[in-house]
Amino acid sequence: MARLVLAVVLALAAVATARMAYVLPEAAETLLRARSLQTTFTCDNRAYGYYADVDNNCEIFHVCYPIVDETGALLETAHFSFVCGNQTVFNQESLTCSHADDAFPCEEAANLFDISNSEFGVIPERR
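Anchor point for the sequence shown: position 75 equals 75 in UniProt numbering, and the numbering is continuous, going up by one each time.
It is worth saying that the hints were derived from the structure and are not from the lab.
There's no promise every hint is true.
Pair by pair, the computed Cβ-Cβ distance ranges are [as the list claims (entries may be wrong)]:
hint	residue 1	residue 2	range
1	Glu26	Arg127	42 to 50 Å
2	Leu24	Asp69	24 to 32 Å
3	Asp69	Met20	16 to 24 Å
4	Ile123	Ala27	32 to 40 Å
Heads up, the beta-carbon is just placed ideally off N, CA and C, and yes, glycines get one too.
From just these sequences and the hints, can you work out the full model?
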């Protein structure tokens, strides 16, 4: 019975977190240079990591977090969205918000998605 309750709670939590895509602070659009929020980014088929939102000039970034069951099968991927501070963009190279002049070019950010997130969340073994 406890396992059933735990499974239901985890399933509901997964559904709730997946709905966090593009849930941004009030008036976040006023920070965007384009002034028109594009909601085109998806976490489908993405590994755990941080991703620049190229369609929003990298002023928004996303955290994708695959949720798996006890056998390792993918249940769904949680999707969280964040807006960078005023006059900054998400730098896919350093996984931080930076001034545009210091950041990896936004239009090329997707080229780094796999590389910059390849070991994201991995805790190195101590020697």
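Can you name, in rising order, the numbers of the hints this structure does not satisfy? none
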